[in-house]
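There are 2 protein chains.
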Amino acid sequence: MTRIFDEPASVISFAAVGGRSEGEGPLGDYFDFISEDEFFDCPTYESAESALQRQTVDIALEKAALARESIDLYIGGDLLNQCVATSFGMRDMPSSMLGIYSACSTFTEGLLLSGVFVSASLADKVVSVTSSHFYSAERQYRMPLEYGGQRSPTTQRTATASGAAVVSKADFAPFIKGFTIGRINDLGVTDASNMGAAMAPAAYDTISLFFKESGKRMEDFDHIVTGDLGFTGSEILYKLFDMDGVDIRDKHLDCGKLLYDRQKQDVHSGGSGCGCAASVSCAYLLPKVQTGELNNILIAATGALLSPTVNMQGESIPGISHAVWLSHTKEGL
Amino acid sequence: MTRIFDEPASVISFAAVGGRSEGEGPLGDYFDFISEDEFFDCPTYESAESALQRQTVDIALEKAALARESIDLYIGGDLLNQCVATSFGMRDMPSSMLGIYSACSTFTEGLLLSGVFVSASLADKVVSVTSSHFYSAERQYRMPLEYGGQRSPTTQRTATASGAAVVSKADFAPFIKGFTIGRINDLGVTDASNMGAAMAPAAYDTISLFFKESGKRMEDFDHIVTGDLGFTGSEILYKLFDMDGVDIRDKHLDCGKLLYDRQKQDVHSGGSGCGCAASVSCAYLLPKVQTGELNNILIAATGALLSPTVNMQGESIPGISHAVWLSHTKEGL
Chain A
1 MTRIFDEPAS VISFAAVGGR SEGEGPLGDY FDFISEDEFF DCPTYESAES
51 ALQRQTVDIA LEKAALARES IDLYIGGDLL NQCVATSFGM RDMPSSMLGI
101 YSACSTFTEG LLLSGVFVSA SLADKVVSVT SSHFYSAERQ YRMPLEYGGQ
151 RSPTTQRTAT ASGAAVVSKA DFAPFIKGFT IGRINDLGVT DASNMGAAMA
201 PAAYDTISLF FKESGKRMED FDHIVTGDLG FTGSEILYKL FDMDGVDIRD
251 KHLDCGKLLY DRQKQDVHSG GSGCGCAASV SCAYLLPKVQ TGELNNILIA
301 ATGALLSPTV NMQGESIPGI SHAVWLSHTK EGL
Chain B
1 MTRIFDEPAS VISFAAVGGR SEGEGPLGDY FDFISEDEFF DCPTYESAES
51 ALQRQTVDIA LEKAALARES IDLYIGGDLL NQCVATSFGM RDMPSSMLGI
101 YSACSTFTEG LLLSGVFVSA SLADKVVSVT SSHFYSAERQ YRMPLEYGGQ
151 RSPTTQRTAT ASGAAVVSKA DFAPFIKGFT IGRINDLGVT DASNMGAAMA
201 PAAYDTISLF FKESGKRMED FDHIVTGDLG FTGSEILYKL FDMDGVDIRD
251 KHLDCGKLLY DRQKQDVHSG GSGCGCAASV SCAYLLPKVQ TGELNNILIA
301 ATGALLSPTV NMQGESIPGI SHAVWLSHTK EGL
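Chains as they are written, first to last, in our numbering: chain A, 1 to 333; chain B, 1 to 333.
Only chain A is shown next, with the shape it has when bound in the complex (with noise of 0.2 Å):
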């Protein structure tokens, strides 16, 4: 489902915090904050990674010189069972608050939910954010770190990072234009190693979507980018797009593969998680966006709708991938 907004929002702040492996990336300049440990002051992983995702709501607030209580609503989401790095995270808010979950494409739900709450005048100002967390999501999803296990060249690291938006009407860049909600889709791919390939026919299928719904050219936009396909998930999507004869490799970017320094960080197939496509989007693209670097953009964040429960029953790991229009111009194209 494609929609392009009569009234686009803006994106009137946004921020980005991560953990030490995030700052010794290549985009370690562009955050707005990097944490010395992975444990933002806190006794546990869980609570770091609410602690991780206050702090990056405080700064986009911050940076718009507005307080907790000025944002109408809260929409956050996160990997952790029972989505707790948002329930506690956002717990001290004094607005409301919708929790969502689209494994790593929440960030993407999130800011088209907020596009859509405040381009039908439903609410003034709408904060979204999402984080994810190494440790916390690794023992959760596959091993505790502590065993020691083998990771596979396929493996993507879960990004210890958060991205927030403030969304709200205003005269100036990022607009939020339009959306394309995705399809789940499932082509049976099993491996919790590989989660690139289960979210690859996502991507593919919600960039069809947009482009075909919207009527819009690829040409005009100056990236397709994807939440955390990484290396691996990249070169299948490349493949999709070539059965249609069509080449997006110079086009696309990954926020899993802008995060680390493959060589260097040893993260094999690069980086994933909640937090990874909204930290890259909210330290490096939306700037760019806003400055006018880049014109349009179209971010499809991707999520592997994975369950180590449902996984060990034997299922399937299907992907989503919800997609938004950003762009530096209000009127246009």
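Any given hint could turn out to be false.
No copy labels: a pair is met if it fits in one copy or bridges any two.
[What the hints assert, rightly or not] Simulated crosslink set (DSSO-like; lysine-lysine; CA at most 30 Å straight-line):
| hint | residue 1 | residue 2 |
| --- | --- | --- |
| 1 | Lys-288 | Lys-239 |
| 2 | Lys-239 | Lys-169 |
| 3 | Lys-169 | Lys-264 |
| 4 | Lys-169 | Lys-216 |
FYI, nobody ran anything at the bench for these hints, they're computed from the structure.
Using the hints provided, position chain B relative to the given structure of chain A.
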């Protein structure tokens, strides 16, 4: 955050499906389908919950003579980790899918978001669905049932049930007239066997907020309905309102109190789960608003943002409640 729609959407069709215990309860005859067992022809509890959810959606579509393809957007959520009942339940649906999570208040979150998309003319037809399953929930949140742990008097029985609503523009009731998106309320309850106490403050906050922000009068509503406070939580709710000098006892219904026969069915404090508010609403309440037996009801589904991991780390259980105003008449009040 409370909003009243300029152009209210309608719930054009709805369905409720339950398990054996739900069928044996006082509302059993109101359900569209009651399964003879808890398996819904599936090999695991998790896949059973997905099948239950899919069946509920299909019945709701069938009642409106709609094909799966005619739906623009499916919105769904459940209590399982990574919301897998929904991911796998909705996997075969050919349309866009948004995942949401507010614990047991997910049903009203979905219903209000459906109202937003339809009222803002961003979607023609939206299906909102939630489910829960006694066996899949108990082993995830508390104990495997085989363990046979004794249950305290404040515990509730997670309903094996699902409710689905098809929302579109129409000139017949029930109309979705408005909503309140709730705030996270945390009064420090840490007892995972007393969800009612954890959720009651959130229900009180959201119901109060709805009447304060909308300017509506409680006396104009036939019922104020909570999701699954059960017997324990309902008493706390009454006391919170008592402090404002408001007696809601006569107006109040709780889906958790309605679903089972407390004496005969040994359910302690009543029913709970995403499927409780969803199925009681779709089986029992929406038909009465449709016929005009009830004119105006406020359904405030109630969610305990419980996480076994974080709870064992010593954290409390925050509550949240989202409310939807359903009416027999499009105009008025």
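Evaluated hints:
In this assembly of identical chains, the alpha carbons of Lys-288 and Lys-239 lie at most 30 Å apart only when taken from the same copy (28 Å versus 54 Å across copies). When the C-alpha separation of Lys-239 and Lys-169 is checked against a cutoff of 30 Å, the pair qualifies neither within a copy, at 39 Å, nor between copies, at 41 Å. Proximity of Lys-169 and Lys-264 under a CA criterion of 30 Å is satisfied in neither setting, with 42 Å inside one chain copy and 56 Å between copies. When the C-alpha separation of Lys-169 and Lys-216 is checked against a cutoff of 30 Å, the pair qualifies both within a copy, at 24 Å, and between copies, at 29 Å.
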